[in-house]
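Colleague: From first to last, the protein sequence lines are chains A and B. Going by this note's numbering, the first residue of the first sequence is number 1, and it counts up by one from there. Going by this note's numbering, the first residue of the second sequence is number 1, and it counts up by one from there.
Some hints here could point you the wrong way.
Said to hold, decoys possible - Covered stretches of chain B, going by a simulated chain A footprint (3 or more residues, C-beta under 8 Å):
1) 5-14
2) 53-66
Unchecked claim - Sample of chain A residues facing chain B (criterion: CB under 7 Å; computed from the structure):
3) P98
4) R220
5) D223
6) Q224
7) P270
8) H333
9) N334
10) A335
11) I337
If you're looking for bench data, these hints aren't it; they were derived computationally from the structure. From the three backbone atoms N, C-alpha and C, an ideal C-beta is built for every residue, glycine too.
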Amino acid sequence: MSAETESGAPVFCAAHMLDSWDERHPQVAFAELATADAPVRPDGTLVVAARQEVTEFLRHPAVRATDGVHFNLGGKRPLIPLDLDGDAHRKYRGLLDPLFTPKRVAWLEPVIRARTNALIDAFADAGSADLMASLCGPLPTYLFIELLGLPATDLPVFLEFKEAVVRPVGATVEEQQANMRAAGDRMYDYLTTVLTQRRAEPPREDLIGGFLTTELDGERLTDQEIVDICYLLVIAGLDTVTSSLSCLLAWFAEHPDERRQVVADPGRLPRVIEELMRFESPVPLGHRWVTEDIDIRGRHFPAGSMVEVLWAAANADPNAFEDPLTVDFARPHNAHIGFAAGPHRCLGSNLARLELRLAVEEFLRRIPDFEITTGEQVVYTNYGVRAAIRLPVTFPVARG
Amino acid sequence: MRVTVDQSRCQGHALCTMHAPELFDLDGEGHAVVVADPVPGGLDQAAYDAEAGCPEEAITAEPRRPARTGQARS
Chain A
1 MSAETESGAP VFCAAHMLDS WDERHPQVAF AELATADAPV RPDGTLVVAA
51 RQEVTEFLRH PAVRATDGVH FNLGGKRPLI PLDLDGDAHR KYRGLLDPLF
101 TPKRVAWLEP VIRARTNALI DAFADAGSAD LMASLCGPLP TYLFIELLGL
151 PATDLPVFLE FKEAVVRPVG ATVEEQQANM RAAGDRMYDY LTTVLTQRRA
201 EPPREDLIGG FLTTELDGER LTDQEIVDIC YLLVIAGLDT VTSSLSCLLA
251 WFAEHPDERR QVVADPGRLP RVIEELMRFE SPVPLGHRWV TEDIDIRGRH
301 FPAGSMVEVL WAAANADPNA FEDPLTVDFA RPHNAHIGFA AGPHRCLGSN
351 LARLELRLAV EEFLRRIPDF EITTGEQVVY TNYGVRAAIR LPVTFPVARG
Chain B
1 MRVTVDQSRC QGHALCTMHA PELFDLDGEG HAVVVADPVP GGLDQAAYDA
51 EAGCPEEAIT AEPRRPARTG QARS
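All chains should be built: construct the whole structure from the sequences, respecting the hints.
Modeller: Dropping the structure here:
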């Protein structure tokens, strides 16, 4: 799905092509695109960036997640439910949505708090840490393994897979895609083996146990369907939360006044996190395919075109958000689409919010005072998912 | 005052339950449902915030909010 520039380097996002592009502060370029007239990538790909256009575009029934040929993120087959549309998509979302409501994921709260604290314990006495390596990276993967019901010793399998798919290695698009596919093959094999073992055991209460016993239209899910669902959950559940958490902690490291407000009143965190998800938009974009000629807000989208939909630009649109480049914890209403929008809106958003809120709350409780280590700076990537891939912080060590 | 949710538009963002927890809850699939109809006194502003804060424009609060000037509508 990546395009190439004349130099052969992959183009990930229209905003990267702008003079205003800044890896540390991408919001400026996104805001520019949100107010541009009918933005287009250099390779001709149409870009939807204005907040209102995103809503109306995604609502159109001719706008689909795939064209049936191109699948997301190195999948060999359509990812369930991301690469499905219409009735088939609704069927699987009807099965999966109930498993990810706030009430259904609430049982994880003590697990999240305990795992966060265990990770903090490992560096709390050192007075410094790289929070990506020590906390943001491992935490969501540990939690995801618990959610699925897999052994914690399999952590490296997931960490390796996540990295290979989200930040594929390779000098060319072809090489990157080949490496992604190879990692995908390994994950399919791993999950198939796990399912075979689990079928031979008594049913358990975890997510895989749920998949093995649930019925869809009176029929059990096949192994193939479960593997396809798990494959997507692995991709969607690991790097996105890692990246989001790193963006939040990096922001707090560099904004001590705002951080103190939250430390003093952690009850504000739900709204604070929504505002930071709007501002940081860690998942910046998605792709959609148009199946027939359509017009949205006076703009023509021809049948067969692939469209780049920029959640991050919509979230910085000054026509939708007053003063969008300012983080405002008191923003009275915040119709952000940091978890995307339309029928494919993030299935795991309630789980992600829970993880982010509890991890930030526990971190700020343990280490209320921290800053970017002198002489260092936060290093962001904005390819694939926005993340603070290097997040070196220093903090006073608590005595007693 | 009343609030309604267009179920054909709701995608389960759940932001309404944050803006106005007294007025909205989520059903078993995570979609918004109205739990206070009509809107109890004193919650008009919460209802308007939930309406303006819905990413899918699925929420309608009636009567309409009085027109205001000088503020971006999200």
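Colleague: Failing hints, ascending?
Modeller: Going through the list in order, the structure violates hints 4, 5 and 6 and respects the others.
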